[in-house]
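Given only the sequences and the hints, what does the whole structure look like? Please build it.
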Amino acid sequence: MKSKKAIIIKKIIKRGSEGSHGGSWKVAYADFVTAMMAFFLLLWLLSMVSQDKRMRLSEYFKSFSVFQQTGTSFMDRTTEMLKESGESPKKSTPEASPSIANTMNATMKAEDVKESIKKAIEQKLDDIKDQVLVDIFEGGVRIQLVDKAGKPMFEIGSSHPTPLAMRILQVIGDNIKNLPNPASVEGHTDSLAYKSSNYGNWELSTERALAARKELETLGLSASRLTRVAGYADTVPLIKEDTEDPRNRRISIILFFPQKQPQ
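In my numbering, the protein residues as written are 47 to 309.
Treat each hint with caution, since some may be false.
[What the hints assert, rightly or not] List time: in silico DMTMM-like cross-link candidates among lysine to aspartate or glutamate, alpha-carbon distance up to 25 Å:
(1) K194 <-> D220
(2) K286 <-> E261
(3) K197 <-> E287
(4) K170 <-> D220
(5) K170 <-> D181
(6) K223 <-> E287
(7) K165 <-> E263
(8) K155 <-> E253
(9) K160 <-> D181
(10) K223 <-> E184
(11) K286 <-> D176
(12) K286 <-> D220
(13) K223 <-> D181
(14) K155 <-> D220
(15) K164 <-> D176
(16) K260 <-> E201
(17) K164 <-> E263
(18) K197 <-> E184
(19) K175 <-> E157
(20) K175 <-> E287
(21) K223 <-> D173
(22) K197 <-> D172
(23) K165 <-> E184
(24) K164 <-> D181
(25) K175 <-> E161
(26) K160 <-> E263
(27) K223 <-> E157
(28) K160 <-> D173
(29) K170 <-> E157
(30) K165 <-> E253
(31) K194 <-> E253
(32) K286 <-> D181
These are calculated hints, taken from the structure and not from any lab test.
So, in structure tokens, the structure goes:
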């Protein structure tokens with residue numbers, strides 16, 4: 047007789063996507079990203095509203111009761127909430143317009159402008175600072191570019207600026223082009239006479255003033271600010287005791303300031 051063999055039934059339960067960790071984590075991650083996006087969107091929206099509105103919103107949720115305040119708005123309690131917090135409503139301040147900036151510049155004192163220009167000269171023209179004179183006179187601030195033996199501002203008998211003059215005009219132009227003050231440019235010579243009867247110190251001083259004016263405009267000085275460009279020949283010497291002194295050959299740039307009205 048043959049012995050009966052026991053029949054063994056093995057039940058195998060297959061689990062879907064086993065080994066690939068399933069896809070549930072993707073749903074959780076998507077929820078997390080969505081929540082973070084909403085959070086940062088809320089922060090951005092809060093940064094865009096005014097202080098009083100943020101205060102109203104904060105106070106509203108501090109004392110909010112679903113049983114007593116459902117359907118009410120916090121927007122009509124601005125003054126009350128700000129008083130409770132000890133703060134006062136703040137008005138937004140618009141950015142300064144160009145006209146306001148010009149008004150602020152116009153209120154600058156002549157002494158301040160003088161010191162600012164002298165400081166720039168000390169820093170950028172230290173080797174030739176003795177050829178740039180800055181002073182205050184009754185009408186405003188005067189900047190003078192003066193000749194020195196061996197260091198002229200213009201070529202001899204010419205209205206062409208030397209590299210030295212161009213260098214000084216660059217510094218001066220950078221410091222006065224944004225000021226609102228009216229300006230004038232004057233040319234002066236020494237008393238040495240020309241041999242030619244058709245060209246003299248009057249023509250030379252005027253042409254040098256025009257050349258300086260042209261260079262300043264190139265550097266950014268508005269032509270609308272200029273009230274006068276003139277040559278004075280040798281009639282207004284800087285060194286009165288020696289009218290042939292080379293320092294009498296100069297260009298004067300004048301910034302005018304409004305005079306105080308008598309009380």
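We went through each hint and held it up to the structure:
Taking the CA atoms of K194 and D220, the gap is near 24 Å; set against the 25 Å cutoff, the hint holds. For a cut-off of 25 Å, the pair hint linking K286 to E261 is broken: about 29 Å separates their Cα positions. With a C-alpha separation of about 21 Å, the suggested pairing of K197 with E287 holds against the 25 Å cut-off. Proximity of K170 to D220 is assessed by CA-CA distance (about 12 Å); at most 25 Å being required, the pair is judged to hold.
This hinted pair checks out: K170 and D181 have alpha carbons roughly 18 Å apart, not beyond 25 Å. Among the hinted pairs, K223 with E287 is inconsistent with the structure: their alpha-carbon atoms are about 35 Å apart, more than 25 Å. Distance check on the hinted pair: K165 and E263 sit about 22 Å apart at the alpha-carbon level, within 25 Å; holds. A threshold of 25 Å between alpha carbons decides the hint, and for K155 with E253 the separation of about 31 Å lies outside it, so the pair is violated.
Proximity of K160 to D181 is assessed by CA-CA distance (about 7 Å); at most 25 Å being required, the pair is judged to hold. The straight-line distance between the Cα atoms of K223 and E184 is roughly 22 Å, inside the 25 Å bound, and the hint therefore holds. Proposed proximity of K286 and D176 is supported: the alpha carbons are some 18 Å apart, at most 25 Å. Taking the CA atoms of K286 and D220, the gap is near 31 Å; set against the 25 Å cutoff, the hint is violated.
Between K223 and D181, the direct Cα distance comes to roughly 18 Å. Compliance with the 25 Å bound is thereby established for this hinted pair. Pair hint K155 plus D220 holds up; C-alpha atoms about 18 Å apart against a cutoff of 25 Å. Proximity of K164 to D176 is assessed by CA-CA distance (about 11 Å); at most 25 Å being required, the pair is judged to hold. Between K260 and E201 the CA atoms are separated by roughly 17 Å; this keeps the pair inside 25 Å, and the hint holds.
Between K164 and E263 the CA atoms are separated by roughly 21 Å; this keeps the pair inside 25 Å, and the hint holds. For the hint pairing K197 with E184, the CA-to-CA distance comes to about 30 Å; that exceeds 25 Å, so the pair is violated. Between the alpha carbons of K175 and E157 the distance comes to roughly 19 Å, so the proposed pair stays at or under 25 Å and holds. The straight-line distance between the Cα atoms of K175 and E287 is roughly 23 Å, inside the 25 Å bound, and the hint therefore holds.
Of the pairs offered as hints, the one joining K223 and D173 holds, with about 24 Å between alpha carbons and a cut-off of 25 Å not exceeded. A threshold of 25 Å between alpha carbons decides the hint, and for K197 with D172 the separation of about 15 Å falls inside it, so the pair holds. This hinted pair checks out: K165 and E184 have alpha carbons roughly 22 Å apart, not beyond 25 Å. About 9 Å separates the Cα atoms of K164 and D181, which keeps this hinted pair within 25 Å; it holds.
About 14 Å separates the Cα atoms of K175 and E161, which keeps this hinted pair within 25 Å; it holds. Restraint check for K160 and E263: satisfied, since their Cα atoms lie roughly 21 Å apart, inside the 25 Å limit. A C-alpha spacing of about 17 Å is found between K223 and E157, which places the hinted pair at or below 25 Å, so the restraint holds. For the proposed pair K160 and D173, the alpha carbon gap of about 19 Å is at most 25 Å, so the pair holds.
As the CA atoms of K170 and E157 are separated by approximately 20 Å, the hinted pair is consistent with the 25 Å bound. Distance hint between K165 and E253 is unfulfilled; the C-alpha atoms sit about 30 Å from each other, more than 25 Å. The straight-line distance between the Cα atoms of K194 and E253 is roughly 20 Å, inside the 25 Å bound, and the hint therefore holds. For the given pair, K286 sits about 17 Å from D181 by alpha-carbon distance, which is consistent with the 25 Å threshold.
In this structure, the earlier hints numbered 2, 6, 8, 12, 18 and 30 are contradicted, and the remaining ones agree with it.
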